[in-house]
Amino acid sequence: MSSLVVLPIIVPLGTAIACLLTQRHRALQRALSVAGAALLLAVSAGLLARVSSEGIQVMRGGGWPAPFGITLVADLLAAIMVLLTGITGLAVAVYSLGSIDERREAHGYHVLYHVLLMGVCGAFLTGDLFNLYVSFEVMLMASFVLLALGGERAQLEGGVKYVTLNLLSSAVFLAAVGVLYGIAGTLNMADLARAAALGLAPDLVPVLAVLFLVAFGIKAALFPFFFWLPASYHTPPIAVSAVFAGLLTKVGVYALMRAFTLIFIGDTALTHGLILLAAALTMVTGVLGAAAQMEFRRVLSFHIVSQIGYMVMGLGLLTPLGLAGSVFYLMHHIVVKTNLFLVGGIVQRLGGSYELKDLGGLYRSHPFLALVFLVPALSLAGIPPLSGFWGKMVLVKAGLEAEAWGITAVALGVSLLTLYSMTKLWNEAFWKPAPPTDAGAGAEAPASVPLTLLGPVLALAAVTVAVGLGAGPVFDLASRAAAQLSDPSQYIAAVLGPGGLR
Amino acid sequence: MTLVLAIVIGLLYAAGLYLVMRRSMVKLIFGLALLGHAANLLIFTLGGLVRGGTPIVPPGQDSLLPPYPDPVPEALVLTAIVIGFAVQAFALVLVKRAHQETGTDDLDALRSTDGAPPP
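So the protein sequences, as listed, match chains Y and X. According to the numbering used here, the first sequence holds residues 608 to 1109 in order. According to the numbering used here, the second sequence holds residues 6 to 124 in order.
Incorrect hints may have been included.
[What the hints assert, rightly or not] Here are the simulated DSS-like cross-link-like pairs (lysine-lysine), alpha carbons at most 27 angstroms apart as the crow flies: (1) Lys32/X <-> Lys964/Y; (2) Lys32/X <-> Lys101/X; (3) Lys101/X <-> Lys768/Y; (4) Lys1031/Y <-> Lys964/Y.
[As the list claims (entries may be wrong)] Computed list of chain Y residues with no C-beta within reach of chain X, every gap over 10 angstroms: (5) Val784; (6) Val786; (7) Leu1084; (8) Gly1104.
[Said to hold, decoys possible] Short derived list, chain Y residues pointing at chain X, Cβ under 7 angstroms: (9) Phe737; (10) Gly757; (11) Arg760; (12) Gly766; (13) Val767; (14) Leu774; (15) Ala782; (16) Gly789; (17) Leu888; (18) Val891.
Quick caveat, the hints were computed from the structure, so don't treat them as lab data. Note that the Cβ used here is the ideal one computed from N, Cα and C, for glycine as well.
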């Protein structure tokens, strides 16, 4: 019994309410927003420390025993994800201060931002499939409004696509939940895992597994359901894009990891074979899409898709090493991808555009920013000793050990193409001489970058370097999380009590 | 009764998918609403249809008297309806704003965020 588990949900909720009450006091609201995000980071670090030392933490709402009441469960994977939410949440909250315009703030940007964080944390911590659906909807509702807030034409067009695909995914998810309840009589994930181990309707379970794969696959932007992501993620302000890029698709990946390590592990040849195939195709289409783009944010959006493939690859292999690779990759990716978007925002502020052809010369004018860009960019491409290298190395090693030659070859090839895209960004935005500016565009770009923008970027770059240099302890944590995932009996026993296994 | 509901659910899914695949934004919203209703009815039906009886322990007893319906699917459906209502309300406003901004109801005209040059 631990009430620490519920705090990562309560803190953003409280912050959102506080921000709503201080809507008329802009300075106070901004301070509260950052303070709330900082508190979330502190709470999530505390939770991870507790889970790491004392094992899986469970909170039973109102003291009702597990399959009946509302359960919140924090195992290592969930705690790691919540900590990552805390890190990116604070970074983007600070970044928002300098990049979100006053009109959006007046329309409740900070309130929605914290509701979004609450939904994300709720999805990571819930121990119940229906509450996962509810958390998804909380998160989606906030993300819908954040995406459309401001009402620019591109935002509305992107919003229509984003909303449609996500609603479709929710409808599929809801139907799958209904069918699962119909055959298992429970939606508590630990209880479902127990029931699945005893054998559920064998003709329905593969259908259900594929329904869940589709529902979560849309959210995670897996092939062939990824097209909504590059069509919408580049339309809102860059701070919103950054938090979406860092966290939202990862909630889908997390849900996949949860469902396909806990519940659907009976017929792995079908389900995990499908996942591996989807992972390979996701990597390839994402990276090829990125290669064709010439807009900063769209290149990065396609790379999200490609990177999702790596995270799901470890799940498809379903070996402890593969899962550890996936967890490590998640940790690396969330930080790096958020950071790249944040750097993109600074580049736009300095160069006046996201179009690569209009940019250039930033290395000459801002060498320090250029170096800071290189850290996440090279990490994404997997250059040692940065974090991405270790993530890819573990996944490739797991692929070789599982003798999955095809996916391993794809992972290595895609890594090379990622480097190509990152080099393209570097060459176009930083290295090449600045394009001649029109005489009409007299508005000179600001020479210096405010600390609210540069601070979060530096902090996230520092995290990337730290994860890269301290890869040993971090990988150790990831392997322990993977060990918990590979042995569902720990999760079941923690939630249902020692008698739960029977 | 289950058979009737099964047919209704099938029809709702078919109609919803058909509407979603049309090019009109308004039909898209209707289609998504129908898909939501279909999922709700599916949960309701799969929970088992039981006539009579309420899942409330009568006074003086210490357990439920069969037959009684399972209250959980109904609670789930209720939650899903409320969420669906909110989401559809938002989607309607979004479509209205998108229509005002772009001046079209045709989804195929919303190309500008796909990277293709505007026609």
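How the hints compare with the structure:
As the CA atoms of Lys32/X and Lys964/Y are separated by approximately 39 angstroms, the hinted pair breaks the 27 angstroms bound. A hinted pair counts as satisfied when its Cα atoms are at most 27 angstroms apart, and Lys32/X with Lys101/X qualifies at roughly 13 angstroms. About 14 angstroms separates the Cα atoms of Lys101/X and Lys768/Y, which keeps this hinted pair within 27 angstroms; it holds. Among the hinted pairs, Lys1031/Y with Lys964/Y is consistent with the structure: their alpha-carbon atoms are about 11 angstroms apart, no more than 27 angstroms.
Chain X draws Val784/Y into its interface by the beta-carbon criterion, the shortest separation being 7 angstroms against a cut-off of 10 angstroms. The beta carbon of Val786/Y sits about 6 angstroms from the closest Cβ of chain X, which is not more than 10 angstroms, so the claim that it is off the interface is violated. Every CB of chain X lies more than 10 angstroms from the CB of Leu1084/Y, the least distance being 35 angstroms, so the non-interface label holds. With a cut of 10 angstroms on Cβ distances, Gly1104/Y stays outside the contact zone with chain X, its closest approach being about 21 angstroms.
Restraint check, Phe737/Y versus chain X: the minimum CB separation of about 6 angstroms is within 7 angstroms; hint holds. For Gly757/Y, the interface hint is violated, since its Cβ never comes within 7 angstroms of a Cβ in chain X; the closest pair sits about 11 angstroms apart. Because the smallest distance between the Cβ of Arg760/Y and any Cβ of chain X comes to about 5 angstroms, under 7 angstroms, the interface hint for this residue holds. A distance limit of 7 angstroms between C-beta atoms decides the matter here; for Gly766/Y the minimum to chain X is near 6 angstroms, and the interface restraint holds.
For Val767/Y, the interface hint holds, the least distance from its beta-carbon to any beta-carbon of chain X being 5 angstroms, beneath 7 angstroms. Annotation: interface hint on Leu774/Y holds; nearest CB of chain X at approximately 5 angstroms, less than 7 angstroms. Hint on Ala782/Y holds. Least Cβ distance to chain X is approximately 4 angstroms, under the 7 angstroms limit. The criterion of a C-beta within 7 angstroms of any C-beta in chain X is met by Gly789/Y, whose closest approach is roughly 3 angstroms, and the hint holds.
Here the hint on Leu888/Y is broken, as its CB sits about 20 angstroms from the closest CB of chain X, past 7 angstroms. Look at Val891/Y: its Cβ only gets to about 18 angstroms from chain X, farther than 7 angstroms, so that hint breaks.
Hint violations for this structure: numbers 1, 5, 6, 10, 17 and 18, all remaining hints satisfied.
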